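Construct the complete structure from the given sequences, taking the supplied hints into account.
Below, each chain spelled out in residue letters.
There are 2 protein chains.
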Amino acid sequence: MSVTREKILELGETLIRTKGYNAFSYQDISSELGIKNAAVHYYFPSKKNLGTSIVKTNIQRFEEMVENMESRQFDEWQQLEALVKIYIKSHREKKKCVVGSFSPDIKTLDESTQKELKKMVEMILNWLAKLLEKGRDRGVFSFADSAESKALVIFSSLVASLQLAAVLGKLDYKSYSQSILDDLKP
Amino acid sequence: MSVTREKILELGETLIRTKGYNAFSYQDISSELGIKNAAVHYYFPSKKNLGTSIVKTNIQRFEEMVENMESRQFDEWQQLEALVKIYIKSHREKKKCVVGSFSPDIKTLDESTQKELKKMVEMILNWLAKLLEKGRDRGVFSFADSAESKALVIFSSLVASLQLAAVLGKLDYKSYSQSILDDLKP
DNA sequence: CTTGTTTTTTACTTATTAGTAAGTATATTT
DNA sequence: AAATATACTTACTAATAAGTAAAAAACAAG
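Top to bottom, those sequences are chains A and B.
Each residue of the first sequence is one higher than the one before, starting from 6 at the first, in the numbering used here.
Each residue of the second sequence is one higher than the one before, starting from 6 at the first, in the numbering used here.
FYI, nobody ran anything at the bench for these hints, they're computed from the structure.
Quick caveat: nothing in here was measured; it's all calculated off a predicted structure.
Some hints could be false.
In this list, chains with the same sequence are indistinguishable; a pair is considered to hold if it fits within one copy or across any two.
[Said to hold, decoys possible] SDA-like mimics (lysine to any residue), calculated; alpha carbons at most 25 Å apart, straight line:
1. Lys112 with Lys179
2. Lys99 with Lys190
3. Lys100 with Ser76
4. Lys112 with Gly39
This is how it looks when you write it as structure tokens:
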């Protein structure tokens, strides 16, 4: 695959995760990459196109991570920690997560982008709910309500915490994310 | 105060809470209210101006709610429920909350809007942490980690849940919000 | 070397945006 | 009634947005 295409995808994602979908332009990309406006349109005819591709890329990335963890026989704690680590990294890089960047703008997105984003959120929540369920069955997690509810609470917390961290400026993210994990200890 | 000004403030808030800050325009407001573009600029010279005013209005609204609850001697449960009810209402109206609408766009906001938003988030988190602390002391709440951490987890959950609800389309918000409350039961 | 394909630029268009200067109508005050 | 402030409209500007058609450059294969 074209290196320019990959650079556009990567920079596009960064821009969306820092400025937001409706605040970045093709000019932002072209000027940063030292190419022309039209070159970006060559790879991604429309902005909607680019948005959808970025979400799809992230779905793939998530699927690969899950496969990888399964093949390496990660236990429930390790898998949950892997998810939390993604958010710790995002916080360190001063970025929001993909879901937290696209979701607030959902109404203004192309239909196909909306569809992919929905798919991504459903995938993550289903995976997380199953993980919590399995962990509870094996006695490594402890929580009161349903696994689906707990998955939603945990995922929501992670998503919004990056947004609030950006607002507050300073935030002890390590200890915050640790408290999410601690909450599940039996 | 002018009725037009109030209408602009209200519609502006609705637009931000449905489309997002960077997706709404002064045309959206003027056409909806049947006035001209320049009339909006008359009351709010710049968009930054309007954004800041909307956040300030919401800070005031929050302060009034807290005062009101104190004067009516709401207990800790009632106060927490009042917060959750705001989010249930937002969900019913298919709106995000103010914090969840502005936060993702923080980098693109005017400095004064950023400052007000930060102030708002700090106010809510401080209030919530104190509420949780008091509730725990009185034995009506039960939670493991610090009140500050718990406040952040709860608030994050509420903020992001509205965003995820918009993505997923359907979501049993009542039972979700109930699970947040249940989690605190001794 | 030439033909064909991929990649990129040039040079636009069209639409929308925030914002403004100057004028007008409607009240309010003196 | 005249002066003045308030609440707008008219009619712009300047900037930026996404998107496009056609030409040029870069590259590969026969």
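Could you check the structure against the hints above and give me the numbers of any it violates, in ascending order?
-> 2, 3
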